[in-house]
Amino acid sequence: MRNALTIAGLDCSYGEVPVLHGIGLELRDGEVLCLLGRNGAGKTTLLKAIMGLVPARAGSIMLGDRDLTRLPAHEVPKAGVAYVPQGRRLFAELTVAENIEIGLMTRNKGAQTRDSVLDLFPVLRERLKQRSGTLSGGEQQMLAMARALCLEPEVLLLDEPTEGLMPSMIAKIRETVGQLRERGVSTILVEQRVDAVLSVADRVTFIENGRNRETVDIEKLRADPGLVKRYVGVG
Amino acid sequence: MSFGPHLLLATLEGLVTAAVLALTALGLSLVFGVMRVVNVAHGEFFMLGAVLAWAVTTALGGHPAIGFLLALVVSPLIVGGIALVAERLVLRRLNYNPEATIVATIGMLYILQQAALTFYGPEARPVEPPFNYRILLPWFGYSGYKLSIVGASILLMIAAWFVLTKTRIGLVMRATQYDRETAQAFGIPVDRVYAGVFALGAMLAAVAAVLVVPIQQAHYLMGLDPLLLSFIVVIIGGLGSLRGTVVAAVLIGLSDGIISVFFSPTLAKMIATLLVALVLVFRPQGLFGTVAR
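Chains as they are written, first to last, in this note's numbering: chain A, 1 to 235; chain B, 236 to 528.
Note that these hints are calculated values from the structure, not bench results.
It is possible that some hints are incorrect.
Straight-line Cα separation of at most 25 angstroms, DSS-like style, residue types lysine-lysine; simulated pairs [to be verified]:
1) B/Lys504 <-> B/Lys381
2) A/Lys129 <-> B/Lys401
3) A/Lys172 <-> A/Lys129
4) A/Lys129 <-> A/Lys109
5) A/Lys78 <-> A/Lys109
6) A/Lys78 <-> B/Lys401
7) A/Lys109 <-> B/Lys401
Output of the computed footprint for chain B on chain A, the stretches with three or more beta carbons under 8 angstroms from beta carbons of chain B [stated by the list, open to error]:
8) 72-83
9) 96-102
10) 105-112
Which chain B residues face chain A? A few, computed with CB under 10 angstroms, are given here [claimed, not checked]:
11) Arg409
12) Ala410
13) Gln412
14) Tyr413
15) Glu416
16) Thr417
17) Ala418
18) Gln419
19) Ala420
20) Phe421
21) Gly422
22) Ile423
23) Pro424
24) Val425
25) Arg427
Idealized CB from N, CA, C, for every residue including glycine.
With these hints in hand, go ahead and build the complete structure from the sequences.
Following this line, the structure appears as structure tokens:
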């Protein structure tokens with residue numbers, strides 16, 4: 001199977017502090033790969049490194065035959081990687097419509113993309129003129145995903161999209177991830193809780209102290225919950 | 236002259252001050268809002284605008300209007316170019332660090348000022364207004380050119396509002412202002428936006444200076460007052476708020492005009508400074524600013 005994204009030997013650091021050590025990952029075409037690990041394990045840093053927001057000291061991140069580590073940060077999304085950051089990071093002072101417009105501008109997508117994204121999140125259609133900072137938490141998360149999907153990305157990076165949401169919203173976000181997989185979007189999903197990913201992920205990679213440990217199929221994880229305890233520390 | 240006409244005259248003078256101030260302060264506010272850079276050299280871009288306007292009109296000769304209109308285009312372009320070079324050579328290399336850029340722009344202030352002294356000299360030189368039409372009111376005549384400054388400023392402010400809120404460039408600028416990192420994750424070349432905004436800020440100061448130079452004369456030290464008043468306007472109005480900048484500029488301009496005419500210019504400056512102190516104590520984000528996150 002073709003890989004959507006291939007990361008090899010990736011080292012990253014914040015200033016002088018090394019955070020990632022020799023990360024190697026393969027995101028297969030059309031799969032949902034989940035990164036699990038404790039706080040501070042380096043999951044968010046890995047996503048930022050893919051986006052070019054944290055510079056890579058060594059290693060490569062291949063999207064097809066392009067090495068993303070060689071691109072300036074603003075070229076990475078144009079290559080087809082969309083990012084839903086932790087804590088959503090909407091442009092809070094801008095309206096819903098403006099946030100979506102920024103997503104569309106990234107890869108020069110038009111009205112058709114906009115419509116298909118808004119069809120995924122009909123709630124947003126009613127709130128286009130509202131300032132995005134005044135949306136509820138769940139709506140903000142939907143907008144953050146909608147903004148990313150406006151790129152029609154090949155690879156989608158989701159950083160704890162269910163954090164701090166009520167259960168009905170979590171179900172909605174999970175359902176959306178499932179829908180996107182059916183559309184063939186390859187997704188890297190960062191989560192802290194296993195139960196949040198069992199139903200949507202294809203494979204799980206455990207991250208510990210800036211290194212990637214085992215990568216297992218989701219069936220194996222369901223059969224052997226002990227694995228999770230070892231890396232994440234809670235059941 | 237009785238009180239009524241006197242007040243009218245003071246108000247007109249105040250409006251002219253406000254018009255020039257609004258443009259200058261908008262430049263300062265944009266640069267700080269988007270880049271988080273406190274540009275201490277902003278007043279020197281203003282000064283350069285005026286000095287270059289003199290140079291252009293003097294070099295060209297002919298009818299004053301032609302020289303003036305040319306200066307109105309050429310002078311801001313040159314000043315924008317200088318600002319662009321300064322941004323690339325200095326601010327970018329400091330990674331836009333807030334403290335370091337303050338020191339760096341202080342350095343830029345002196346370099347620009349001394350360069351003007353060296354190449355332009357210590358004299359104050361006038362630029363002829365593009366037209367000399369006096370509007371005759373029942374009590375006094377008033378310079379038509381001064382009123383046209385107010386008109387030009389209003390047009391430019393409307394244009395700025397339009398660009399910021401209705402165009403893609405404005406959207407990109409605002410997105411960069413609110414979240415630099417996320418803007419990059421959506422393909423916005425933050426680096427180039429910064430360079431553009433810094434140049435644009437300097438150009439606004441230069442335009443204001445070209446407008447004012449027919450009534451004020453060009454001098455190498457003329458940048459200090461606009462810098463101070465711009466800071467006052469931006470603090471009172473709230474950083475990054477266009478509406479706040481306009482309201483505060485009108486407020487400061489009018490009070491400056493009226494108090495200067497009836498009492499003294501020093502009192503006007505004292506009151507403006509007091510106002511800043513009060514705003515900083517009771518409403519630090521400014522009248523129209525939003526609380527920083």
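Now for the hints, and whether the structure bears them out:
1. At roughly 22 angstroms between alpha-carbon atoms, B/Lys504 and B/Lys381 fall within 25 angstroms of each other, so this suggested pair holds.
2. Straight-line distance between C-alpha atoms of A/Lys129 and B/Lys401 comes to about 14 angstroms, which keeps the hinted pair within the 25 angstroms bound.
3. Taking the CA atoms of A/Lys172 and A/Lys129, the gap is near 23 angstroms; set against the 25 angstroms cutoff, the hint holds.
4. For a cut-off of 25 angstroms, the pair hint linking A/Lys129 to A/Lys109 stands: about 20 angstroms separates their Cα positions.
5. Simply put, A/Lys78 and A/Lys109 have alpha-carbon atoms about 11 angstroms apart, close enough for the 25 angstroms limit, and the pair holds.
6. Distance check on the hinted pair: A/Lys78 and B/Lys401 sit about 24 angstroms apart at the alpha-carbon level, within 25 angstroms; holds.
7. Straight-line distance between C-alpha atoms of A/Lys109 and B/Lys401 comes to about 19 angstroms, which keeps the hinted pair within the 25 angstroms bound.
8. Counting residues of the segment 72-83 of chain A whose C-beta sits closer than 8 angstroms to any C-beta of chain B gives 8, which meets the bar of three, so the coverage hint holds.
9. Closer than 8 angstroms: that is the beta-carbon criterion, and the segment 96-102 of chain A has 3 residues meeting it against chain B, so the requirement of 3 holds.
10. Counting residues of the segment 105-112 of chain A whose CB lies closer than 8 angstroms to any CB of chain B gives 3, which reaches the minimum of 3, so the coverage claim holds.
11. A distance limit of 10 angstroms between C-beta atoms decides the matter here; for B/Arg409 the minimum to chain A is near 6 angstroms, and the interface restraint holds.
12. Hint on B/Ala410 holds. Least Cβ distance to chain A is approximately 5 angstroms, under the 10 angstroms limit.
13. Satisfaction of the interface hint for B/Gln412 is found here, the shortest Cβ-Cβ separation to chain A being roughly 8 angstroms, below the 10 angstroms cut-off.
14. Against a cut-off of 10 angstroms between C-beta atoms, the interface hint on B/Tyr413 holds, since the closest Cβ of chain A lies about 5 angstroms away.
15. A least Cβ separation of about 6 angstroms between B/Glu416 and chain A falls short of the 10 angstroms threshold, and the interface hint therefore holds.
16. Contact between B/Thr417 and chain A, as hinted, is supported at the beta carbon level, the nearest pair being about 4 angstroms apart and thus within 10 angstroms.
17. Checking B/Ala418 against chain A: minimum C-beta separation of about 8 angstroms stays under 10 angstroms; hint holds.
18. Because the beta carbon of B/Gln419 sits about 4 angstroms from the nearest beta carbon in chain A, less than 10 angstroms, this interface hint is met.
19. Taken as an interface hint, B/Ala420 checks out: its beta carbon lies about 5 angstroms from the nearest beta carbon of chain A, inside 10 angstroms.
20. Interface hint at B/Phe421: satisfied, since its Cβ lies 5 angstroms from the closest Cβ of chain A, which is below the 10 angstroms cut-off.
21. Because the closest C-beta pair between B/Gly422 and chain A is about 4 angstroms apart, less than 10 angstroms, the hint holds.
22. Because the closest C-beta pair between B/Ile423 and chain A is about 6 angstroms apart, less than 10 angstroms, the hint holds.
23. A least Cβ separation of about 5 angstroms between B/Pro424 and chain A falls short of the 10 angstroms threshold, and the interface hint therefore holds.
24. The beta carbon of B/Val425 is positioned within 10 angstroms of a beta carbon in chain A (closest approach about 7 angstroms), and the interface hint is therefore held.
25. Nearest Cβ of chain A to the Cβ of B/Arg427: about 9 angstroms, under the 10 angstroms cut. The hint holds.
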